[in-house]
Amino acid sequence: MSARVGYSQRARSGAAQAGSAWLPGSLVWRVALLSVVVVFVQISVVSEVPVFGVSIDLSPLLVAFVGLLCGSTMGAVSGFCVGLLIDLALMQTLGVTSLVFTIVGYWAGRLRELRDPQAALTPLFVGAAAATAAAVGYSIVEFLLGVDAPVSLELLREIVIGVLVDTAVALPFWALVRRCLVGALPDDPRRRRRRAYTTGGLSPLSRSRRADR
Amino acid sequence: MRSQCLSLLALSGGTLFDDVFGRSLLVYDKTVRRRRAVLALLVVLSLILLTAYFGEAPSGGLHSVQRDFLTVVSPIQDGANKALKPVRNLFGWFGSTLKAKSQNAELRKQLDKLRAEYTANQVNEHSYRELLKIDHLDHELSIADYTPVTASVTYQSPNIWYSIITIDKGSSSGVRVNDPVVSGEALIGKVTEVVPDAAQVSLITDSAVEVTAKISATGTIGMVQPEVGAPGKLLMQYLYPASSAAPLPGDYVVTSGTVASHGVSLYPKGIPLGQVTSVNEQSGFTSVQVSPLADLHNLEFVQVLTFSAGSRAAALNSVAANLSPAHPTGSEEEEAQNGEQLASTGGGG
Numbered sequence: 005m006s007a008r009v010g011y012s013q014r015a016r017s018g019a020a021q022a023g024s025a026w027l028p029g030s031l032v033w034r035v036a037l038l039s040v041v042v043v044f045v046q047i048s049v050v051s052e053v054p055v056f057g058v059s060i061d062l063s064p065l066l067v068a069f070v071g072l073l074c075g076s077t078m079g080a081v082s083g084f085c086v087g088l089l090i091d092l093a094l095m096q097t098l099g100v101t102s103l104v105f106t107i108v109g110y111w112a113g114r115l116r117e118l119r120d121p122q123a124a125l126t127p128l129f130v131g132a133a134a135a136t137a138a139a140v141g142y143s144i145v146e147f148l149l150g151v152d153a154p155v156s157l158e159l160l161r162e163i164v165i166g167v168l169v170d171t172a173v174a175l176p177f178w179a180l181v182r183r184c185l186v187g188a189l190p191d192d193p194r195r196r197r198r199r200a201y202t203t204g205g206l207s208p209l210s211r212s213r214r215a216d217r
Numbered sequence: 092m093r094s095q096c097l098s099l100l101a102l103s104g105g106t107l108f109d110d111v112f113g114r115s116l117l118v119y120d121k122t123v124r125r126r127r128a129v130l131a132l133l134v135v136l137s138l139i140l141l142t143a144y145f146g147e148a149p150s151g152g153l154h155s156v157q158r159d160f161l162t163v164v165s166p167i168q169d170g171a172n173k174a175l176k177p178v179r180n181l182f183g184w185f186g187s188t189l190k191a192k193s194q195n196a197e198l199r200k201q202l203d204k205l206r207a208e209y210t211a212n213q214v215n216e217h218s219y220r221e222l223l224k225i226d227h228l229d230h231e232l233s234i235a236d237y238t239p240v241t242a243s244v245t246y247q248s249p250n251i252w253y254s255i256i257t258i259d260k261g262s263s264s265g266v267r268v269n270d271p272v273v274s275g276e277a278l279i280g281k282v283t284e285v286v287p288d289a290a291q292v293s294l295i296t297d298s299a300v301e302v303t304a305k306i307s308a309t310g311t312i313g314m315v316q317p318e319v320g321a322p323g324k325l326l327m328q329y330l331y332p333a334s335s336a337a338p339l340p341g342d343y344v345v346t347s348g349t350v351a352s353h354g355v356s357l358y359p360k361g362i363p364l365g366q367v368t369s370v371n372e373q374s375g376f377t378s379v380q381v382s383p384l385a386d387l388h389n390l391e392f393v394q395v396l397t398f399s400a401g402s403r404a405a406a407l408n409s410v411a412a413n414l415s416p417a418h419p420t421g422s423e424e425e426e427a428q429n430g431e432q433l434a435s436t437g438g439g440g
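Protein chains in written order, with my numbering: chain A, 5 to 217; chain B, 92 to 440.
Warning: the hint list may mix true and false statements.
Derived EDC-like pairs: lysine to aspartate or glutamate, alpha-carbon spacing no greater than 16 Å straight-line [as the list claims (entries may be wrong)]:
1. B/LYS176 - B/ASP259
2. B/LYS360 - B/GLU276
3. B/LYS324 - A/GLU117
4. B/LYS324 - B/ASP288
5. B/LYS324 - B/ASP386
6. B/LYS324 - A/GLU162
Just so you know, these hints were derived from the structure itself, not from any lab.
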């Protein structure tokens, strides 16, 4: 019970900190610039290079990683804007990509706010989940809009290969996105932890040993 | 706990909680409300956009915004496309090299076969032209009646649901909506949106495109559409079985030069678009699966077949575009009748 209360308070405190830094200007600019560049590179270059018969789609990865680094609000906003930009540039049905990417960005942001995952492979799983969610979400919206394309093995194969290919580029792309945004992040968990341990603070293990003595 | 705090807050007018925990809780609640409000706003906005766009005509406001956006960003697209071309070529080189070896042997076999066919066809074509002249039937619309405008592909949709590309030539180069687009010698699609310096091309694998075509070996005319649930594949359904000879895998599918419904593109006759890969016979109605001839994933340059005002192509396109939806040559009713006829005769082809 106490652990649950402690976790809840930590999460609330973290959320409050994130809320107090309501979309810092430098971060917004960096995310906006990164989004525009990635969308243009995606549709000018990456889309035209087929890998195993499908194109790598960096846009859901971008949205998920922005959410994972900056929180749910920024994730949702960037998802909406990236989706709108793609729909406008490619003359697709307006709102479809925005809707799907808003949810993907929000979900990634909530993952960070609630769990704060620190494992090195987290971006890989988040990238895979984002690519899957985008593909499935897109398919559902298209079905609802009446596109005559029932589920077939070939369609599923394309979606699965697309997700695998996106997952394969998730880690290097995460490194790129993180490098671009890390200077403007209000509270970088790794930096915070490193600072705590290297400026005289004790790790939880050392602290418990000292208490035992 | 939260509800108690909120009720106390309501009672005291918000002045009761001055301690650290209370202030943190208030900030937390505000953050949560703001976060949920942003999410709800964005989702509702997306749904409004989606509904409005889906319901409006192609000349509607949102479509105009898209066209204006394309007009503004097309020079940027062009620049980005040129600047990033070496990168694309590098990646393309790896992919092409991997594929080249397997394709080489197959293409050599095809070349030998086609060379023999070409020689035979040259003789036949000469005789055919002579006969046409004799019967005064040599006024068919052909690809020579069009002016090809070469354009480079600037954007390609990464989405499997949309088979569209954007090219760097638009209405200022004479490109119009519904103009056929070819790559090499094969049909790849038609123009669906035009702005002064760019145009959107829907590929033949897009659900919005249908082509009236015929199987070159048997002369069977049918409608080629994307195969449902199989991205990148086409399906040709027979409408007019001209001969009893069944198509075989490897037969070429070419444009028939006719239109089957109101407002569609009149593709010039004889442009190859695909090759038969398999023949399906289900419920007495025969269809063939067609694989596009052009590599639609790897388009760099395309040609838009434009025509000048007053030309023969313009006149015929005008006739095709102005066909009355109520009584077209191949209206839905007639197609239904044909379908019934096919069904009653046990399926054509």
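Structure-based check of all given hints:
1. A C-alpha spacing of about 14 Å is found between B/LYS176 and B/ASP259, which places the hinted pair at or below 16 Å, so the restraint holds.
2. Taking the CA atoms of B/LYS360 and B/GLU276, the gap is about 13 Å. The hint holds against a cut of 16 Å.
3. Annotation: proposed proximity of B/LYS324 to A/GLU117 is violated, straight-line Cα distance about 44 Å (limit 16 Å).
4. For the hint pairing B/LYS324 with B/ASP288, the CA-to-CA distance comes to about 31 Å; that exceeds 16 Å, so the pair is violated.
5. Taking the CA atoms of B/LYS324 and B/ASP386, the gap is about 12 Å. The hint holds against a cut of 16 Å.
6. As the CA atoms of B/LYS324 and A/GLU162 are separated by approximately 12 Å, the hinted pair is consistent with the 16 Å bound.
The structure fails hints 3 and 4 (numbered hints given earlier, in ascending order).
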